[in-house]
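Peer 1: Listed below are the residues making up each chain.
There are 2 protein chains.
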Amino acid sequence: MGLLVVGTLAFDSVETPFDKADNALGGSGTFIAIAASYFSGPVKVVGVVGEDFPKEYFDILERYNADLEGVEVVKGGKTFRWAGKYHYDMNTRDTLATELNVLEQFDPKVPESWRSAKYVVLGNIDPTLQLKVLDQLDNPSFVVCDTMNFWIDGRRDELMEVIKRVDMLIINDSEARQLADEPNLVKAAGVIREMGVRSLIIKKGEHGALLFIEDVIFSAPAYPLEMINDPTGAGDSFAGGLIGYLHKTQDVSAENLKRAVIYGSSMASFCVEQFSIRGLEDLSDLRINDRFREFVRLSAFDEPTA
Amino acid sequence: MGLLVVGTLAFDSVETPFDKADNALGGSGTFIAIAASYFSGPVKVVGVVGEDFPKEYFDILERYNADLEGVEVVKGGKTFRWAGKYHYDMNTRDTLATELNVLEQFDPKVPESWRSAKYVVLGNIDPTLQLKVLDQLDNPSFVVCDTMNFWIDGRRDELMEVIKRVDMLIINDSEARQLADEPNLVKAAGVIREMGVRSLIIKKGEHGALLFIEDVIFSAPAYPLEMINDPTGAGDSFAGGLIGYLHKTQDVSAENLKRAVIYGSSMASFCVEQFSIRGLEDLSDLRINDRFREFVRLSAFDEPTA
Numbered sequence: 011m012g013l014l015v016v017g018t019l020a021f022d023s024v025e026t027p028f029d030k031a032d033n034a035l036g037g038s039g040t041f042i043a044i045a046a047s048y049f050s051g052p053v054k055v056v057g058v059v060g061e062d063f064p065k066e067y068f069d070i071l072e073r074y075n076a077d078l079e080g081v082e083v084v085k086g087g088k089t090f091r092w093a094g095k096y097h098y099d100m101n102t103r104d105t106l107a108t109e110l111n112v113l114e115q116f117d118p119k120v121p122e123s124w125r126s127a128k129y130v131v132l133g134n135i136d137p138t139l140q141l142k143v144l145d146q147l148d149n150p151s152f153v154v155c156d157t158m159n160f161w162i163d164g165r166r167d168e169l170m171e172v173i174k175r176v177d178m179l180i181i182n183d184s185e186a187r188q189l190a191d192e193p194n195l196v197k198a199a200g201v202i203r204e205m206g207v208r209s210l211i212i213k214k215g216e217h218g219a220l221l222f223i224e225d226v227i228f229s230a231p232a233y234p235l236e237m238i239n240d241p242t243g244a245g246d247s248f249a250g251g252l253i254g255y256l257h258k259t260q261d262v263s264a265e266n267l268k269r270a271v272i273y274g275s276s277m278a279s280f281c282v283e284q285f286s287i288r289g290l291e292d293l294s295d296l297r298i299n300d301r302f303r304e305f306v307r308l309s310a311f312d313e314p315t316a
Numbered sequence: 011m012g013l014l015v016v017g018t019l020a021f022d023s024v025e026t027p028f029d030k031a032d033n034a035l036g037g038s039g040t041f042i043a044i045a046a047s048y049f050s051g052p053v054k055v056v057g058v059v060g061e062d063f064p065k066e067y068f069d070i071l072e073r074y075n076a077d078l079e080g081v082e083v084v085k086g087g088k089t090f091r092w093a094g095k096y097h098y099d100m101n102t103r104d105t106l107a108t109e110l111n112v113l114e115q116f117d118p119k120v121p122e123s124w125r126s127a128k129y130v131v132l133g134n135i136d137p138t139l140q141l142k143v144l145d146q147l148d149n150p151s152f153v154v155c156d157t158m159n160f161w162i163d164g165r166r167d168e169l170m171e172v173i174k175r176v177d178m179l180i181i182n183d184s185e186a187r188q189l190a191d192e193p194n195l196v197k198a199a200g201v202i203r204e205m206g207v208r209s210l211i212i213k214k215g216e217h218g219a220l221l222f223i224e225d226v227i228f229s230a231p232a233y234p235l236e237m238i239n240d241p242t243g244a245g246d247s248f249a250g251g252l253i254g255y256l257h258k259t260q261d262v263s264a265e266n267l268k269r270a271v272i273y274g275s276s277m278a279s280f281c282v283e284q285f286s287i288r289g290l291e292d293l294s295d296l297r298i299n300d301r302f303r304e305f306v307r308l309s310a311f312d313e314p315t316a
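Chains as they are written, first to last, in the working numbering: chain A, 11 to 316; chain B, 11 to 316.
Don't read these hints as lab results, they were simulated from the structure. Mixed in with the good hints there might be a few duds.
Repeated chains share a single entry, so a pair holds when one copy, or any two copies, can fit it.
[Said to hold, decoys possible] In the SDA-like style, the derived pairs of lysine to any residue whose C-alpha atoms are separated by at most 25 Å in a straight line are:
1. K214 <-> N101
2. K214 <-> E66
3. K95 <-> V196
4. K142 <-> M170
5. K95 <-> S23
6. K258 <-> D295
7. K214 <-> I70
8. K174 <-> Y96
9. K268 <-> G215
10. K214 <-> L147
11. K214 <-> E192
12. K258 <-> D312
13. K214 <-> E283
14. K88 <-> R175
15. K197 <-> N101
16. K30 <-> K174
17. K95 <-> S151
18. K197 <-> R303
19. K214 <-> I298
20. K174 <-> F28
21. K197 <-> P234
22. K197 <-> G87
23. K197 <-> E236
24. K258 <-> P314
25. K119 <-> A310
Quick caveat, the model's predicted, so the values are computed rather than measured.
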């Protein structure tokens, strides 16, 4: 029954060579929920904020059909904050500040009626918390786990347990190399799958994404954007588009996962066109499907006739 | 009439984390000619060697149907030598030595009967020499130019003249950024095309290649290799497969260029599987077309039915 997302709700302060934004609505849970909302609704959100999280931000999430019953508001607490600065090439960034605040004591509670959720994204948070969420789920059909270098280093054992229990792991290329301790990306994917990962997506930023499932490897291109305004949330938007499409179609076959990767890539491409969540706002099925078809044009070629 | 290649014939000494080879047959002209030979023959080669270039290496080239009338043998001269060492990730390398030798005084001469060649690759050599070759051609149909960072820095004016006069420029992603002075690859492609480049291919190594022609952008995946033994010659093999297929089909439409990119990528994937030219040896149409179809499987996805 439904689609559940656990992740952060955050204030993001982002600086790029071209612009900056302070205390914008961010967090993995936010981007995932909004991206997924275009395919499936309502999206059940499990997360935590402080009392400083403004009504305006709750309103935005609710406009995208997020069910916020699972979002704990900590009395007197302060919301998680992240500040980062992107380099000239927009592919690399420095984290300027991470204030965990209410995340430090976060003990995620999945509301009773949500425990039967069938499609689940464990957004990028401490694997210890991802495990706590997994423990509260009844019998999910398809669970996606996102993570990052910080947890690969600092919570390796917990992360290894998470990835054995989920259906799909999404990481980026440098994280895949780090997790597998192997520079060749294809070999790294093999090592990671032997850790117990049933399906694996390796995101490569401006170079697209690779999906590994069963004996299938699928290479998805990146949408060729001339202007990337803010890469923050791209990976979360990818995960949101992917899970939203899977939930909508109730089909986790390899062929449908390929389409889900393209929808995920489409949502990521919208996301990075503008600061914060603005690129995800006010999209339509028409625009999303147009972008999907642009991915078709970008990658299709015919076999020789002879 | 036919396919002409100008490039280097070289002794390559290559070291990787796994193996090494000394004085192996190498050079842009060598890889291009052998890769192209599977599609079109004979390939007319313009280049220069010293007296130390062994009969054994001439025999290899002739086995692949290379016409070596345009290869000058300099009396008492020494053949061009390159030595390089690949890093652990196999994506980056250090050049340990470059001995130009006979290349220093090279004055390429296209045999009279070859000047009507219709399909031409200007392999990676000094743009001054590429211009000299262009000046000797009658009315080629399709000329491809390969180059490298060294010439973008050191022969910028000459290179700018070359790329205005050819039909296609092939460079890698860091070279594209360097040539355009622009970190965004899509924007860089636009800048380069405004320099007068009709079609552009940006090679991205393990991430595939991008083709820009007319209003088309085509993103080709890389073949997912678990073992890369020697990346030397990959770009040249790509160019060789591409021009060989174009020459064979006599079709330079955007749709056929996409296929040519996939054949080029196929030849590059064979090349890097073994040291020196060994990965290109003894291939068959069957194996090449099988690999082409693997690229199809790797990148194909269906639109949603709903």
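Peer 1: Which of the stated hints cannot be reconciled with the structure, identified by number in ascending sequence?
Peer 2: 2, 7, 8, 10, 14, 16, 17, 20, 22, 25
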